[in-house]
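S.K.: Chains as they are written, first to last, in this note's numbering: chain L, 3 to 318; chain C, 15 to 306.
If you're looking for bench data, these hints aren't it; they were derived computationally from the structure. Please note: incorrect hints may appear among the correct ones.
Stated by the list, open to error - Computed footprint of chain L on chain C; a stretch qualifies when at least three of its residues, placed anywhere within it, have a C-beta under 8 Å from a C-beta of chain L:
hint, region
1, 21-29
2, 146-152
3, 166-180
4, 230-239
5, 248-256
6, 260-272
To be verified - No more than 35 Å apart at the CA atoms, straight line, and that leaves these computed lysine-lysine pairs for DSBU-like:
hint, chain 1, residue 1, chain 2, residue 2
7, L, K188, C, K244
8, C, K112, L, K188
9, C, K244, L, K11
Glycine residues also receive a C-beta, built at the ideal position from the N, C-alpha and C atoms.
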Amino acid sequence: MHFDNIQIKIRERGFLDLMDLGLQVFRVHLPRFLLAFACGAVPLQILNHFWFRDLVVVDFREGIVAANETSRLIGFILCVGQMIFIESQLAGIIATKYLGLVLFQEEPRIRPVLREVGRAGWRLLWCQGLTRGVVVAGVLASWSRSSNWSFVWLGLLTCLVVLVRALRPFLNEIVLLENNPLLATKSQSLTIGRRSYRLHAPSSGMLLGRWFCSALIGIALAISVAGIFLFVSGVLFQQWFPGPFLIQIGVPLAMWIVAAYLTVVRFLNYLDLRIRDEGWEVELRMRSEAARLEQQMTPRLPIPAGSEVNELNRVS
Amino acid sequence: MSLGARQIDSTIDVVTPENIAFQYQAAGPFRRLPAYLIDFLIRLAVVVLVLCAGAFFSFGGLGVGVNITPVLIPSFLLSWFVMQWFYGGICETFMNGKTPGKWVMGIRVLTTDGRPINGLQAVLRNLMRFVDLMPMVSLQVFEPWVDASPLYVLPTYLLGLSVMACNSRFQRLGDLVCGTMVIVEERYWLTGVSEIDDPLVIKLAGHLPADFQVSRTLARTLAHYVERRKFFSTPRRREVARHLGLPLLRQFSLRPDTSHDLLLCALYYRTFISDRWQAEPSLKDAGSSPFQ
Chain L
3 MHFDNIQIKI
13 RERGFLDLMD
23 LGLQVFRVHL
33 PRFLLAFACG
43 AVPLQILNHF
53 WFRDLVVVDF
63 REGIVAANET
73 SRLIGFILCV
83 GQMIFIESQL
93 AGIIATKYLG
103 LVLFQEEPRI
113 RPVLREVGRA
123 GWRLLWCQGL
133 TRGVVVAGVL
143 ASWSRSSNWS
153 FVWLGLLTCL
163 VVLVRALRPF
173 LNEIVLLENN
183 PLLATKSQSL
193 TIGRRSYRLH
203 APSSGMLLGR
213 WFCSALIGIA
223 LAISVAGIFL
233 FVSGVLFQQW
243 FPGPFLIQIG
253 VPLAMWIVAA
263 YLTVVRFLNY
273 LDLRIRDEGW
283 EVELRMRSEA
293 ARLEQQMTPR
303 LPIPAGSEVN
313 ELNRVS
Chain C
15 MSLGARQIDS
25 TIDVVTPENI
35 AFQYQAAGPF
45 RRLPAYLIDF
55 LIRLAVVVLV
65 LCAGAFFSFG
75 GLGVGVNITP
85 VLIPSFLLSW
95 FVMQWFYGGI
105 CETFMNGKTP
115 GKWVMGIRVL
125 TTDGRPINGL
135 QAVLRNLMRF
145 VDLMPMVSLQ
155 VFEPWVDASP
165 LYVLPTYLLG
175 LSVMACNSRF
185 QRLGDLVCGT
195 MVIVEERYWL
205 TGVSEIDDPL
215 VIKLAGHLPA
225 DFQVSRTLAR
235 TLAHYVERRK
245 FFSTPRRREV
255 ARHLGLPLLR
265 QFSLRPDTSH
275 DLLLCALYYR
285 TFISDRWQAE
295 PSLKDAGSSP
305 FQ
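Start from the sequences, fold in the hints, and give me the full structure.
M.R.: Written as structure tokens, this is what we have:
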């Protein structure tokens, strides 16, 4: 592996530059990246559709949503939005692994990526499924068919997840790319929890600010993408008011597209944080230079013990 | 990625007709967004000011109760028209490719060959903005008026965003038509040689083999490390330095417990500092200088 031969130019960037760079990365790897993201997102969206399809009464044959359903329509969009928000990190696990591999390699295939993600299965289930509220959200969503209270709980859960995700956004990257263990086998071993604290805690203010900016931009982008679907349905079918197809498929699709883009942005933010706080780009250079030196190395006679150099054994 | 292939980055190379090469950082849609919002607020403020001024003069000159519509509506429409279509063009023409928003955000419009834009380009690229706002959504999205004809007023900006994402200079349609691009005016700091005054480093530098040739890439890596190491914690410094420290220790046949960090600093010292001081007297002694 050539550590200095990376697909993305490694340097410190501002948040808006990272958003722009995300567009370029998204464009360059669009087909395979979307395939990788779809592998995670499609099963979750099928579940979402199953849970929330009765929230808004639609008539597909007539192609209309009942006019008195506007408030339920908004409720439906809010519920789907919250679920997609909670699930988006879990949906992005394959895409994150793909990005991690593509950074150093030429276009990895999806099957080996899936295999590598599978190896982290239990850790992901614990970290994303349980501690990030995906399983709880699923339980609440399935309960929503029988009780309206579940929506309140779902809202509260979303608030909690916002807080956790804003302060600890790079859990996928830690689990999948750094391969830290879930539990410590020795007292010194760097578990996911310790690594997460060490990575996020020194820059929590910056991370919080960046997260809220990206959330605002994400909401605006989702509205714009949904607007495109509305434009197409208006121009082609004279259906300007959101119809059943747009509500049940177009709106979630717009949200998932934005979630995919934000997965790229999050990955770039992770790299940027490692560059800023840990000098990751210096480490990469060091490794590649070390590999070059190893090739050229010639044996030399050792200096006898007790020489002057002995006193230099310290880290300044 | 194949060796030598271009990395994904927002930096672009521009070679002028005089064969002078520049590097610019292209400003993408999100970098341009705050500038656009600032300009939008300024445009809005000017229109509101014109409206207020119109209302003030109407009341003051003609007395309260007079119909002010004939003054207000034309002044509003005229100011809106001018600000909507010519604000950007005029500002970019007379402010060297900047609007107030761009000036605040440190970005600027240039031609694709790195020259300042002219008035025609400035006006045309701003007129084309209307196309970049497409597709527009009809107001009927809020009310299902079945019989009314659609009123396209809500911009989605996605045509401009998609076009910008599809080219490495982040040019929107207006930029492509006029051969312009928006760049970031950043001032880069060039750091000089880092100071190293630790006596242990200097002492260790004396033990490094004199015949060791530092390659260009190694010199660059050392410079990068020494420049950044002061921002690392001690354990992190140890972790980073270990990669290169281990093969260097073997190469120089130093004791294996020598500090990797000190070793890299010593090699840096020998490469960039001590060799330079040694080179200067030798030049002086050479007798070839015309200033002697």
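S.K.: Each of the hints needs a verdict: does it hold here or not?
M.R.: Each hint, compared with the structure:
Three residues within the 8 Å Cβ limit are the bar, and the region 21-29 of chain C against chain L gives 5, so the coverage statement holds. Evaluation of the coverage hint for the region 146-152 of chain C: fulfilled, as 4 residues show C-beta separations to chain L shorter than 8 Å, against a requirement of three. Counting residues of the region 166-180 of chain C whose CB lies closer than 8 Å to any CB of chain L gives 8, so the stated coverage by that chain holds, three being the minimum. Counting residues of the region 230-239 of chain C whose beta carbon lies closer than 8 Å to any beta carbon of chain L gives 6, which reaches the threshold of three, so the coverage claim holds.
Coverage of the region 248-256 of chain C by chain L holds in this model, with 7 residues showing a Cβ closer than 8 Å to a Cβ of that chain against a need of three. Counting residues of the region 260-272 of chain C whose CB lies closer than 8 Å to any CB of chain L gives 11, so the stated coverage by that chain holds, three being the minimum. For a cut-off of 35 Å, the pair hint linking K188(L) to K244(C) stands: about 30 Å separates their Cα positions. Under the criterion of a C-alpha separation no larger than 35 Å, the hint pairing K112(C) with K188(L) is inconsistent with the structure, at around 59 Å.
Between the alpha carbons of K244(C) and K11(L) the distance comes to roughly 23 Å, so the proposed pair stays at or under 35 Å and holds.
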